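Given chain A, put chain B in place with the hints provided.
Spelled out, the chains give:
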Amino acid sequence: MAILVVAEHDNTDLKDATHKTVTAAAAMGGDVDILVAGTGVKDVMAAAAKIDGVRAVLGVDHVSLTRQLAEAMEAVIVPLMSEYDAILAPDTTAHKNYMPRVAAKLDVMQISSITGVESADTFVRPIYAGNAMATVKSSDSKKVITVRTTAFNAAGEGGSASDKMLADPASPSTSEFVGEELTKSDRPELAAAKIVVSGGRGVGSSENFAIIESLADKLGAAVGASRAAVDAGYVPNDYQVGQTGKSVAPELYIAIGISGAIQHLAGMKDSKIIVAINKDEDAPIFQVADYGLVADLFIAVPELEAAL
Amino acid sequence: MKVLVPVKRVLDYNVKARVKADQSGVDLSNVKMSMNPFDEISVEEAVRLKEAGTATEAVVVSIGPAKAQETIRTALAVGMDRGIHVQTDEDLEPLAIAKILKAIAEEEGAQLVITGKQAIDNDYGATGSMLAALLDWPQGTFANTVETSGDSITVKREVDGGLQTVKLTLPAVVTTDLRLNEPRYARLPDIMKAKKKQIDAKTPADYGVDTAPRLTTVKVTEPAGRSAGIKVESVEALVGKLKTEGVI
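Sequences listed follow chains A and B, in order. The numbering used here puts the last residue of the first sequence at 308; the count rises by one with no breaks. The numbering used here puts the last residue of the second sequence at 1248; the count rises by one with no breaks.
Derived from the structure by calculation, the hints contain no laboratory data. Where hints are given, some of them may not hold.
As the list claims (entries may be wrong) - To give an idea of the interface, some chain A residues facing chain B are shown, with a C-beta separation under 10 angstroms as derived from the structure:
id, residue
1, Leu69
2, Met81
3, Asn131
4, Thr135
5, Pro172
6, Lys194
7, Asn237
8, Ala295
All of these numbers come straight from a predicted model, not from anything done at the bench. Think of the CB as a built atom: it goes at the ideal place given N, C-alpha and C, for glycine as much as any other residue.
Isolated chain A (complex conformation):
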């Protein structure tokens, strides 16, 4: 069996989500190749070639792939799939965007956000925001899979896979990149951070979020938020942790002023240590927290920062 893993990268650095996806692919058994699609991908390809257990790294370098637009990714991947039995990609927004296109073109049903590999055709995935886990067996001849990377350990580095450049794809004619507004931050990325400090509706305002950010900076942590805090406009949507946001599994997750709605828990319950600070002692977040502190966050958070 031959498996293609699509790399997560920003045209400069290879992201850890790739290593985790390789682990999921390896669990299916077979040869694992990595596709790096982007512009100026040489460095990313070199990094991908070091991942343990990888056979070959395929590179495709074209301006239409700089932002990995869905139509362009479909055009690159679908023809490649005649050589592969399965394709896996991290379930980040970049890949969730085009993977169903690939599946539809191959006439197969996508298996989304897997958290476990039972065999080459059977997978575990969360449904209902993680309130239930479904084990599904695919009868499709090719498997198109997105991977909940927080559920897999990163593959090690020490390999030396071969590399190969693919021919330029045709540029899609019906969609074009116009621009982007990326949150500028010196903090670690939410999905990859060792420590995440998240604020909820209890934080009360956009201005008050400064105390969450200040604690995060002291800890070298990423800043997250509950959907309630995002809906209330305290922080941008890409801070959101939960079913409709990002899934995180850091060493330490500190939930501040977060009640612990099901949809939030779905995105953080795999964290190693969970700390909750909330003035409501009956808040559901305490049912999943390893350490709970019933306190007014406006007193406890600055105190915590000072104590570190």
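The following block gives chain B in isolation, referenced to the frame of chain A:
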């Protein structure tokens, strides 16, 4: 421009899903069902396009059991013009749904299809992009803002790290994210009026689509539980614990 909006009837988002004892699935008997929240946002966006004079007709479609008609009525009550109900008691996968929607989009001559980015029951997040691929249309997923102009649509998308803007040539598929808009509530007179709006009754067979599932559910189980830990009395005690754990 004609706009098509598919909607799905799902377990209400405020209701906690309960796994059946025989592990065959989630118990949906005697629980509140509602329109998928992302689909409410799609409906709202279509109605706004109509109110702005951009859309000439807004058609809502639901593929599901007899009761999916209620979900269609809900959409009609907030301003959709007409409904199509493709009745089936099978729990169809996104691939089959996308094939039926393709046939409907072609039959209706839709220029824009607005779908939710995911349904909150199966969480596949696949239907919109699959439909775009089957139609060979461009797509703007996880929409935060949409703006139409002539034969194109500009979609600002929610992506990891911020927002990305793409310009698509119509016809196109857009999938909605939470911040696109705030869905309105239906007013009572509109609910009454919606009862008179037309809903066409169809079946998957009318569209010649093979709906056989590709995935078999082996079992559905409760997620691994996480037990509650301890309450600490002070910030000092908390810092002590975290140092012992070696996480700070």
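Under 10 angstroms is the threshold here; is the Cβ of A:Pro172 close enough to any Cβ of chain B for the hint to stand? holds, 7 angstroms
Less than 10 angstroms between beta-carbons is the criterion; does A:Thr135 satisfy it with respect to chain B? For A:Thr135, the interface hint holds, since the closest Cβ of chain B sits about 4 angstroms away, which is under 10 angstroms.
Status of the hint placing A:Asn237 at chain B (closest C-beta pair under 10 angstroms): It holds, given that the least Cβ distance between A:Asn237 and chain B is near 5 angstroms, below 10 angstroms.
Evaluation of the interface hint that places A:Ala295 against chain B, nearest CB under 10 angstroms: At about 8 angstroms, which falls below the 10 angstroms cut-off, the nearest Cβ of chain B leaves the hint on A:Ala295 intact, so it holds.
So, as I understand it, the hint says A:Lys194 touches chain B; can you test that by seeing if any CB pair is closer than 10 angstroms? Given a least distance of 8 angstroms, the restraint on A:Lys194 holds.
Under 10 angstroms, Cβ to Cβ, is where A:Leu69 needs to be relative to chain B, so tell me if that hint holds or is violated. holds, 7 angstroms
Does the interface hint hold: is A:Met81 within less than 10 angstroms of chain B, judged Cβ to Cβ? violated, 13 angstroms
Under 10 angstroms, Cβ to Cβ, is where A:Asn131 needs to be relative to chain B, so tell me if that hint holds or is violated. holds, 4 angstroms
Checked against the numbered hints above, the structure breaks only hint 2 and satisfies the rest.
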